[in-house]
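So the protein sequences, as listed, match chains A and B.
Start counting the first sequence at 1; every next residue gets the next number (the numbering used here).
Start counting the second sequence at 327; every next residue gets the next number (the numbering used here).
Treat the hints with care, since some could be wrong.
Claimed, not checked - Listed next, the in silico DSS-like pairs over lysine-lysine satisfying Cα-Cα at most 25 angstroms (straight line):
| hint | chain 1 | residue 1 | chain 2 | residue 2 |
| --- | --- | --- | --- | --- |
| 1 | A | Lys-254 | A | Lys-161 |
| 2 | B | Lys-461 | B | Lys-574 |
| 3 | B | Lys-329 | B | Lys-690 |
| 4 | A | Lys-236 | A | Lys-119 |
| 5 | B | Lys-461 | A | Lys-254 |
| 6 | B | Lys-566 | A | Lys-316 |
| 7 | B | Lys-461 | B | Lys-566 |
| 8 | B | Lys-329 | B | Lys-688 |
| 9 | B | Lys-524 | B | Lys-371 |
| 10 | A | Lys-316 | B | Lys-461 |
| 11 | A | Lys-324 | B | Lys-329 |
| 12 | A | Lys-236 | B | Lys-566 |
| 13 | A | Lys-324 | A | Lys-236 |
| 14 | B | Lys-490 | B | Lys-604 |
Treat the hints as calculated values from the structure; they're not laboratory data.
Keep in mind the model is a prediction, meaning the values are calculated, not measured.
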Amino acid sequence: MDFADLFLQFTVTLDMTIRLSTVLILACLAGLFSERAGIFDIGLEGKMLIAAFFSAAAAYHSGNAWIGVLAGIGASMVFALIHGLASITYRGNQLISGVALNFLASGLTVVIGNAWYQKGGSTPPLTGNGRFHEITLPFADLLRDVPMLGPLYADVLSGHKPIVYIAFLVVPLSWWVLFRTRFGLRLRAVGENPASVDTAGVSVIRQRYAAVLIAGVLCGIAGAYLSTSQAASFGKEMTAGRGFIALAALIFSKWRPFYALMACLLFGLLEAISNLYPSIDVIGLFSIPVQFTQALPYILTVVILAGFVGKAIPPKAGGAPYVKER
Amino acid sequence: MDKMPRWADVFLVPFINLVLAFLVAGLVVLAIGENPLHAIYFMVKGALGSTSGLGYTLYYATNYIFTGLAVAVAFHARLFNIGGEGQAAVAGLGAAIVLLAFDWPHWSLALPFAVLGAGVFGAAWAFIPAYLQAKRGSHIVITTIMFNFIGAALMGYLLNGILKSPHTQNAESLPFPAGAHLPTAHEVLAPLGIAFSKSAPLNISFLLAIACTVLVWFLLWRTRLGYEIRAFGHSESAAKYAGIPAVKITIITMLISGALAGMLSINVVMGEQEHLIKEFVGGAGFVGIAVALMGRSHPLGIVLAALLFGMLTQGGFELLWEMPTISREMVLVIQALIILFTGALNNLVHDPVERIFLRLRKRKS
Numbered sequence: 001m002d003f004a005d006l007f008l009q010f011t012v013t014l015d016m017t018i019r020l021s022t023v024l025i026l027a028c029l030a031g032l033f034s035e036r037a038g039i040f041d042i043g044l045e046g047k048m049l050i051a052a053f054f055s056a057a058a059a060y061h062s063g064n065a066w067i068g069v070l071a072g073i074g075a076s077m078v079f080a081l082i083h084g085l086a087s088i089t090y091r092g093n094q095l096i097s098g099v100a101l102n103f104l105a106s107g108l109t110v111v112i113g114n115a116w117y118q119k120g121g122s123t124p125p126l127t128g129n130g131r132f133h134e135i136t137l138p139f140a141d142l143l144r145d146v147p148m149l150g151p152l153y154a155d156v157l158s159g160h161k162p163i164v165y166i167a168f169l170v171v172p173l174s175w176w177v178l179f180r181t182r183f184g185l186r187l188r189a190v191g192e193n194p195a196s197v198d199t200a201g202v203s204v205i206r207q208r209y210a211a212v213l214i215a216g217v218l219c220g221i222a223g224a225y226l227s228t229s230q231a232a233s234f235g236k237e238m239t240a241g242r243g244f245i246a247l248a249a250l251i252f253s254k255w256r257p258f259y260a261l262m263a264c265l266l267f268g269l270l271e272a273i274s275n276l277y278p279s280i281d282v283i284g285l286f287s288i289p290v291q292f293t294q295a296l297p298y299i300l301t302v303v304i305l306a307g308f309v310g311k312a313i314p315p316k317a318g319g320a321p322y323v324k325e326r
Numbered sequence: 327m328d329k330m331p332r333w334a335d336v337f338l339v340p341f342i343n344l345v346l347a348f349l350v351a352g353l354v355v356l357a358i359g360e361n362p363l364h365a366i367y368f369m370v371k372g373a374l375g376s377t378s379g380l381g382y383t384l385y386y387a388t389n390y391i392f393t394g395l396a397v398a399v400a401f402h403a404r405l406f407n408i409g410g411e412g413q414a415a416v417a418g419l420g421a422a423i424v425l426l427a428f429d430w431p432h433w434s435l436a437l438p439f440a441v442l443g444a445g446v447f448g449a450a451w452a453f454i455p456a457y458l459q460a461k462r463g464s465h466i467v468i469t470t471i472m473f474n475f476i477g478a479a480l481m482g483y484l485l486n487g488i489l490k491s492p493h494t495q496n497a498e499s500l501p502f503p504a505g506a507h508l509p510t511a512h513e514v515l516a517p518l519g520i521a522f523s524k525s526a527p528l529n530i531s532f533l534l535a536i537a538c539t540v541l542v543w544f545l546l547w548r549t550r551l552g553y554e555i556r557a558f559g560h561s562e563s564a565a566k567y568a569g570i571p572a573v574k575i576t577i578i579t580m581l582i583s584g585a586l587a588g589m590l591s592i593n594v595v596m597g598e599q600e601h602l603i604k605e606f607v608g609g610a611g612f613v614g615i616a617v618a619l620m621g622r623s624h625p626l627g628i629v630l631a632a633l634l635f636g637m638l639t640q641g642g643f644e645l646l647w648e649m650p651t652i653s654r655e656m657v658l659v660i661q662a663l664i665i666l667f668t669g670a671l672n673n674l675v676h677d678p679v680e681r682i683f684l685r686l687r688k689r690k691s
């Protein structure tokens with residue numbers, strides 16, 4: 001294998017990494033907002049799944065992918081609202097609510113999908129403007145011939161669907177909102193010490209609902225990405241555990257936006273590698289099975305959680321409903 | 327006393343929750359243009375209308391008793407074991423290794439060892455999350471979720487590798503020896519003159535499930551360990567103060583929980599499939615959460631809830647034949663709604679009901 005060949009494989013892998021990381025980044029940031037405000041969210045998977053279905057359905061009927069995204073956000077926000085009702089208003093168990101929503105999404109998408117399209121839970125394929133198309137960044141074709149950097153720009157950074165760029169912009173935006181605005185300060189305070197926020201005269205309830213709904217919006221975009229960009233239709237169970245990988249990435253990043261980006265890129269890279277190279281030979285000694293690469297995000301997360309490599313400390317008030325003192 | 331009577335908390339509130347869940351599920355059926363009453367009729371008929379239907383219902387109920395007990399035991403120590411799915415899958419490996427190791431002459435000899443294999447492997451898969459929770463404070467919900475995925479990858483690897491049968495393209499093991507065949511309901515009941523469907527997979531594991539139910543009840547309410555588990559779940563700090571070691575209780579509870587989840591593989595892998603296949607758990611680990619919530623973590627409640635969910639699963643299959651517009655996944659929707667209403671939205675019903683009781687009591691006095 002010569003250098004040009006190796007370099008080509010390198011760019012193909014990076015390109016795929018970016019595409020596969022997008023959904024993880026959005027879902028991970030959704031979890032970040034929710035958990036920073038003290039609401040555990042293991043329902044990321046379900047919110048993405050229901051969003052993926054409704055955005056594919058809306059995009060199919062309207063012929064406009066952006067309307068699909070809006071429908072996805074709407075569906076995901078309805079789920080977020082149920083999660084909010086259960087875990088904020090009715091002080092229920094947040095984990096159980098998340099489990100229920102994941103189930104509900106798996107069931108509803110197929111039940112409704114089958115009743116509407118009779119395709120075993122899938123939606124009809126999206127064509128034309130019903131799905132998203134690649135964006136070529138400025139000068140991509142012009143710069144392609146520049147050695148090394150040219151292909152990196154033209155083939156890796158350029159040529160993705162719009163939501164990919166949105167996801168990468170949401171990372172600094174989330175950081176800014178969480179760490180540079182009053183809203184963000186209150187949101188984080190609600191996750192660490194809700195009583196103090198309450199004493200300051202800020203509504204814990206309203207702050208937590210805001211966080212949960214932001215998570216809904218981000219999961220909605222993530223789900224829409226799956227069915228209108230990464231694929232061009234909805235397929236049964238198409239989230240395939242990505243909500244849980246995002247959750248893993250959230251722990252891996254210790255609830256910080258830029259680290260979340262890194263963790264999602266790493267897990268995206270692992271997925272890209274397992275897609276491109278089903279089994280990897282290590283200099284002829286032994287081969288790494290594809291199942292190992294697939295399980296690696298989970299194994300890494302357990303290692304991080306175990307605290308052997310740095311310690312992941314979640315927001316202090318996470319998982320506990322806030323009851324005002326009387 | 328400013329509480330409502332116990333019967334209301336144990337029966338009335340879950341019942342209203344259940345009704346709400348079915349009402350919402352009925353709305354979904356209406357929304358896709360079918361009659362929910364017809365759907366219920368076909369489901370009940372499919373689940374109980376024949377010995378075949380009944381056999382499948384009880385077969386699924388057996389699974390749900392095991393996974394429901396697994397979740398419930400952990401709940402009593404205030405541990406949320408979401409890992410039943412993975413623990414049951416890995417337990418299947420334990421059972422399969424035992425059953426493939428010898429040419430078993432008779433099931434009564436094979437069963438105890440298979441139970442041991444499944445139990446040890448299921449418990450082992452719960453051990454690491456338990457250890458990490460107890461010693462390192464890692465959240466057990468997250469670690470058990472991660473172990474579900476790691477378990478699935480492990481089973482996929484083994485069934486495509488060393489355990490794979492050379493006679494087939496599928497990722498499955500060699501068949502178990504014929505001697506390890508567990509008696510089915512048909513084989514047990516036929517000598518007694520009772521005709522039972524030959525096709526239904528209900529087998530002797532059902533009795534194992536009942537035995538486990540009694541054992542769990544005995545453990546929780548009649549032994550010192552059970553008392554410690556419940557005390558620990560009630561108040562961790564009080565339990566510590568009373569000299570109950572947190573690490574020990576967390577780990578032992580999770581080992582029991584994992585072993586119970588593992589018993590599912592006796593029913594499915596040994597009792598029905600008779601060889602190890604991929605993804606044989608099929609979501610039963612998660613249904614266990616619904617069963618434990620619905621049954622209020624009490625063994626008797628769990629058996630009843632497991633029967634209900636067994637009926638739903640089997641009825642859902644039958645529904646598909648009678649009303650093709652409704653897919654099988656309708657069962658998932660109903661399960662999800664039951665988890666939502668009985669688990670997460672419990673206070674939606676609990677608080678108003680309690681208020682009514684308190685008001686009635688005030689008027690009386």
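Each hint tested on the structure:
Restraint check for A:Lys-254 and A:Lys-161: not satisfied, since their Cα atoms lie roughly 29 angstroms apart, outside the 25 angstroms limit. Annotation: proposed proximity of B:Lys-461 to B:Lys-574 holds, straight-line Cα distance about 10 angstroms (limit 25 angstroms). Proposed proximity of B:Lys-329 and B:Lys-690 is supported: the alpha carbons are some 15 angstroms apart, at most 25 angstroms. Restraint check for A:Lys-236 and A:Lys-119: the C-alpha separation of about 10 angstroms stays at or below 25 angstroms, so the hint holds.
Restraint check for B:Lys-461 and A:Lys-254: the C-alpha separation of about 20 angstroms stays at or below 25 angstroms, so the hint holds. Note on B:Lys-566 and A:Lys-316: the hinted pairing holds, with a Cα-Cα distance of about 22 angstroms set against a maximum of 25 angstroms. The straight-line distance between the Cα atoms of B:Lys-461 and B:Lys-566 is roughly 15 angstroms, inside the 25 angstroms bound, and the hint therefore holds. Restraint check for B:Lys-329 and B:Lys-688: satisfied, since their Cα atoms lie roughly 12 angstroms apart, inside the 25 angstroms limit.
Restraint check for B:Lys-524 and B:Lys-371: satisfied, since their Cα atoms lie roughly 19 angstroms apart, inside the 25 angstroms limit. For the proposed pair A:Lys-316 and B:Lys-461, the alpha carbon gap of about 19 angstroms is at most 25 angstroms, so the pair holds. This hinted pair checks out: A:Lys-324 and B:Lys-329 have alpha carbons roughly 20 angstroms apart, not beyond 25 angstroms. With a CA separation close to 47 angstroms, the supplied pair A:Lys-236 and B:Lys-566 exceeds the 25 angstroms bound.
A C-alpha spacing of about 42 angstroms is found between A:Lys-324 and A:Lys-236, which places the hinted pair above 25 angstroms, so the restraint is violated. Distance restraint check for B:Lys-490 and B:Lys-604: the Cα-Cα separation of roughly 11 angstroms lies within the 25 angstroms cut-off, and the hinted pair is therefore satisfied.
When held up to the earlier numbered hints, the structure conflicts with 1, 12 and 13 and fits the remainder.
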